[in-house]
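Asker: The lines below spell out each chain.
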Amino acid sequence: MKDVRLLTEMFIPGALVGPFTQAHPGLGGVCTFVGEVRGGEGQDAKDDWGVEALELSHYEPLTLPTMETLADSAIERFDLMGLLMVHRVGKMRVGEPIVCVSAAARHRRGAIDAVDFCMDHLKAAAWFWKREKRADGWHWIEPRSDDYADLARWSE
Amino acid sequence: MKDVRLLTEMFIPGALVGPFTQAHPGLGGVCTFVGEVRGGEGQDAKDDWGVEALELSHYEPLTLPTMETLADSAIERFDLMGLLMVHRVGKMRVGEPIVCVSAAARHRRGAIDAVDFCMDHLKAAAWFWKREKRADGWHWIEPRSDDYADLARWSE
Amino acid sequence: MAVKIIFLGPLRDMAGMDSTQVEAPLDWARLLKAVGEDIAAQLQEERVNIACGGRVLSDKTELQASDGDEVALLPPVSGG
Amino acid sequence: MAVKIIFLGPLRDMAGMDSTQVEAPLDWARLLKAVGEDIAAQLQEERVNIACGGRVLSDKTELQASDGDEVALLPPVSGG
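Protein chains in written order, with the working numbering: chain A, 1 to 156; chain B, 1001 to 1156; chain C, 2001 to 2080; chain D, 3001 to 3080.
No lab work stands behind these hints, which were simulated from the structure alone.
There could be a bad hint or two in this list.
[Unchecked claim] In silico DSBU-like links for lysine-lysine, alpha-carbon gap of 35 Å or less:
(1) B:1133 / D:3004
(2) A:133 / C:2004
(3) A:2 / C:2033
(4) A:91 / C:2004
(5) B:1002 / D:3033
(6) A:91 / B:1133
[What the hints assert, rightly or not] So the derived label-pair ranges between C-beta atoms look like this:
(7) B:1018 / A:52: 21 to 27 Å
(8) C:2058 / A:52: 37 to 43 Å
(9) D:3018 / A:23: 17 to 23 Å
(10) A:139 / D:3058: 41 to 47 Å
(11) A:1 / C:2058: 28 to 34 Å
(12) C:2030 / A:22: 51 to 57 Å
(13) A:52 / B:1061: 29 to 35 Å
(14) B:1095 / C:2047: 43 to 49 Å
(15) C:2047 / A:137: 49 to 55 Å
(16) D:3056 / C:2045: 34 to 40 Å
(17) B:1002 / C:2013: 31 to 37 Å
Glycine included, each C-beta is placed from N, C-alpha and C at the ideal position.
Just chain A, same shape as in the assembly (with noise of 0.2 Å):
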């Protein structure tokens, strides 16, 4: 089963991932990624202090077009019984779920890289842009080159 959504509103990944779960009777394992807007509370923050909420905009003829072929490659690849990817859009708060990515597979292997590489595509190849409002303002978020160093693993 693939499932691939983007969504203006909040959503509860446990929600999603329950059901996903139970509709591949016979699996060996799900291994699931929920990425959240990061908040000021951790003691290795300093950068992240002060982030308010989070906004991502997309550009929808290519975002979930591009999001489609991410998870047909992603099941093919890793031999998957189910995919499930969502991705948030619009204004988020601390806290809230931006992505949520869910692989079900037979073996554990398959499933945890299929999460790996997804997260890695949804992060440096897929079309969003993100921009954090502090007490100062709306600021757009760079790239980081880890991003595109994580992508780079995944070619031959």
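Using the hints, position chains B, C and D against chain A.
Answerer: Chains B, C and D only, in chain A's frame:
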């Protein structure tokens, strides 16, 4: 927050992962792996056909301390905010969860790698023995060479 | 009819608008003139892409937009 | 008092019991004699470990179990 448990009864991963996630405000991502007793419904599942039940035995004086040590080392190595590690023992039916590992971190890479690391160690370096019940009785499961290869990835 | 140019992400702020309409046809040279100096400088950077009619161009300098096409200017992404 | 030997995993089936009691003290040579030929052959394999008093021995041939100790025979694991 470190939460390590050996359970003798059926559990619902979502009921543990939800509160675990909410216990870490400021997190960037949560990665969760749930392993279930694999049934024989998949297409490529010839070797799993006919599994009726599974039993995991363990050695109490070693198992929980080993899991605690594993959790500590994952938390340190991947700079986690929290780690949930739950393992069933005893008899289980097809579709029941065996293991659930959930890692909360400020960045996705730490969360995903921590789950990968913990699963490899639980598979090949924790004190569990698995046997399957088929039509002709119980069969002990031999460790797979893949599992040792997976484990070796984490040594320098 | 015309060609609609869409500014995405940080380019939207730089342009001061979400989109603009220009006369068709629109090629690379005319696009650079149409968007102003700052955006034109961005477009010359390798990491900025252009989509036309919902497809990302492998070579953006070969842009050929006709009446009714949508041309999207895509700065580096920062998603997930 | 005595030393309790615990058979884990497949060794339990091979031994036909969960555990047995033997007189203390128990060292490697006496253990091999106490468990019977099949189990003794297993114990000589590198991938079979021995724990004494809740600690896995780095060198199982240096086993020195005293009164009240529990000695666990640990075949290769297959968990998760």
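Asker: Now, for every hint given, state plainly whether the structure supports it.
Answerer: Checked hints:
Using a Cα cut-off of 35 Å, the hinted pair residue 1133 of chain B and residue 3004 of chain D holds, with the two alpha carbons roughly 29 Å apart. Using a Cα cut-off of 35 Å, the hinted pair residue 133 of chain A and residue 2004 of chain C holds, with the two alpha carbons roughly 29 Å apart. A threshold of 35 Å between alpha carbons decides the hint, and for residue 2 of chain A with residue 2033 of chain C the separation of about 44 Å lies outside it, so the pair is violated. For the suggested pair residue 91 of chain A and residue 2004 of chain C, the alpha carbons sit about 25 Å apart, so the restraint of at most 35 Å is met.
With a CA separation close to 43 Å, the supplied pair residue 1002 of chain B and residue 3033 of chain D exceeds the 35 Å bound. With a C-alpha separation of about 52 Å, the suggested pairing of residue 91 of chain A with residue 1133 of chain B is violated against the 35 Å cut-off. At roughly 25 Å, the beta carbons of residue 1018 of chain B and residue 52 of chain A sit within the given window of 21 to 27 Å. Checked against the given bound of 37 to 43 Å, the beta carbons of residue 2058 of chain C and residue 52 of chain A, roughly 39 Å apart, stay inside it.
Residue 3018 of chain D and residue 23 of chain A have their C-beta atoms about 41 Å apart, which leaves the hinted 17 to 23 Å range violated. For the pair residue 139 of chain A and residue 3058 of chain D, the supplied restraint of 41 to 47 Å is violated, since their beta-carbon distance comes to about 55 Å. Our hint of 28 to 34 Å for residue 1 of chain A and residue 2058 of chain C holds, since their Cβ atoms are close to 33 Å apart. Distance hint check for residue 2030 of chain C and residue 22 of chain A: the Cβ-Cβ separation is about 55 Å, which falls inside the suggested range of 51 to 57 Å.
Separation of residue 52 of chain A from residue 1061 of chain B is about 51 Å and departs from the stated range, judged on CB atoms against 29 to 35 Å. In this structure, residue 1095 of chain B and residue 2047 of chain C meet the distance hint of 43 to 49 Å, their C-beta atoms being roughly 47 Å apart. For residue 2047 of chain C and residue 137 of chain A, the Cβ-Cβ distance of about 25 Å falls outside the hinted range of 49 to 55 Å, so the restraint is violated. The hinted range of 34 to 40 Å is not satisfied by residue 3056 of chain D and residue 2045 of chain C, whose Cβ atoms lie roughly 58 Å apart.
Roughly 44 Å separates the CB atoms of residue 1002 of chain B and residue 2013 of chain C, a value that falls outside the hinted 31 to 37 Å.
When the structure is compared with the earlier hints, violations turn up for hints 3, 5, 6, 9, 10, 13, 15, 16 and 17 and for no others.
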